[in-house]
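Q: If you want the building blocks of each chain, they are given just below.
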Amino acid sequence: MNIREVVDTVRADVITELYDENTEFKWGFASDLMSDVLAYACSDSLLITGLNNPQVIRTAEMLDIGTVLFVRGKRPGEEVIELAKENCITVLATEYTMFKTCGLLVLNGMEGIDIDG
Amino acid sequence: MADRLLKRYSYNVSANDFTAAGKGSSSIKNNLKSLGIDANIIRKIAIISYEAEINIVIHSYGGKLHCDIYENKIVIISEDTGPGIKDVDMAMREGFSTASDNIRELGFGAGMGLPNIKRYSDQLEIKSDNDGTAITVTICL
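Protein sequence lines, in the order shown, are assigned to chains A and B. Residue numbering for the first sequence follows the working numbering, starting at 1 and increasing by one per position. Residue numbering for the second sequence follows the working numbering, starting at 1001 and increasing by one per position.
In short, the hints are calculated from the structure, not lab data. Keep in mind that this is a model prediction, so the values were computed, not measured. Ideal Cβ positions, reconstructed from N, Cα and C, are used throughout, including at glycine. There's no promise every hint is true.
[As the list claims (entries may be wrong)] Each computed SDA-like pair below joins lysine to any residue, with the alpha-carbon atoms no more than 25 Å apart:
#, chain 1, residue 1, chain 2, residue 2
1, A, 26, B, 1008
2, A, 85, B, 1119
3, B, 1033, B, 1008
[Unchecked claim] Label pairs and their in silico Cβ distance ranges:
#, chain 1, residue 1, chain 2, residue 2, range
4, A, 86, B, 1015, 36 to 44 Å
5, A, 86, B, 1039, 44 to 52 Å
6, B, 1134, A, 22, 22 to 30 Å
7, B, 1070, A, 112, 36 to 44 Å
8, B, 1118, A, 43, 27 to 35 Å
9, A, 95, B, 1071, 51 to 59 Å
10, B, 1036, A, 22, 21 to 29 Å
With the sequences and hints as input, model every part of the structure.
A: Structure follows, in structure tokens:
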């Protein structure tokens, strides 16, 4: 699923620039626990979260995740946006809940990560 | 013959500073990139150093994060002053946490820090007592 499809599917606002129009996501990973993201998410994932603080962007940065989608109408603060810009991480925001966001994305072709073991 | 240390990057980490948390790991990541280290290795090291840095922020009175570069390995060393880890075996279990609710609200303290560090490391050594904790993580190149 590409980033334009994600934006359209969940009616997301693009909060930063859209740094790479050609971004393709192999997986979606939704969590408010950043350690779970660090344990399981891959670089070609879309990170979906309702947590709204700079550590979300730091976590994405560590994993080379290029796009973060905030759910439940969470609007990231200046600090979060600035850190995302520094790292060229695209920030999206949708009014939909985490569950609805994930449901819509799956219905439109996004897959979840399989956790081995 | 002992391995020769080629380069050391060091960063101070403050307790309870969640705004700055991750800056050291971010610098380590960028430095390793500029050295031309393989992207998969950098990703492992970034996760390890970030979890270690967050642990210092959450659990200690402050400490330091070092990234030592050798020819055949990279070693991340986290050393802090603080109460130490009471039960290292328990702390290695996924989901075991002593973090407070306000730490959990920040997305951490889910009991995955040390297990994540172990997951991405080739060798892990933890020394902890009442004065603090030292964690040495080796990643082979």
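Q: Would the hint linking residue 26(A) and residue 1008(B) be met if the CA-CA limit is 25 Å?
A: violated, 36 Å
Q: Is 36 to 44 Å right for how far apart the beta carbons of residue 1070(B) and residue 112(A) are?
A: holds, 38 Å
Q: Using the beta carbons of residue 86(A) and residue 1015(B), state whether their distance is inside 36 to 44 Å or not.
A: violated, 24 Å
Q: Does residue 1033(B) pair with residue 1008(B) here, judged by a C-alpha cut-off of 25 Å?
A: holds, 15 Å
Q: Could one say that the CB atoms of residue 1036(B) and residue 22(A) fall in the range 21 to 29 Å?
A: Because 25 Å falls inside the window, the suggested range holds.
Q: Look at the Cβ atoms of residue 95(A) and residue 1071(B) and judge whether their distance stays inside 51 to 59 Å.
A: Roughly 52 Å apart at Cβ, these two residues keep to the hinted range, so it holds.
Q: Regarding residue 86(A) and residue 1039(B), is the given constraint of 44 to 52 Å on their beta-carbon distance met?
A: violated, 19 Å
Q: Are residue 1134(B) and residue 22(A) spaced within 22 to 30 Å by their CB atoms?
A: This hint is violated: roughly 44 Å between Cβ atoms.
Q: Do the Cβ positions of residue 1118(B) and residue 43(A) conform to the proposed distance bound of 27 to 35 Å?
A: violated, 21 Å
Q: Is residue 85(A) within 25 Å of residue 1119(B), Cα to Cα?
A: violated, 30 Å
Hints 1, 2, 4, 5, 6 and 8 from the list above are not met by this structure, while the remaining hints are.
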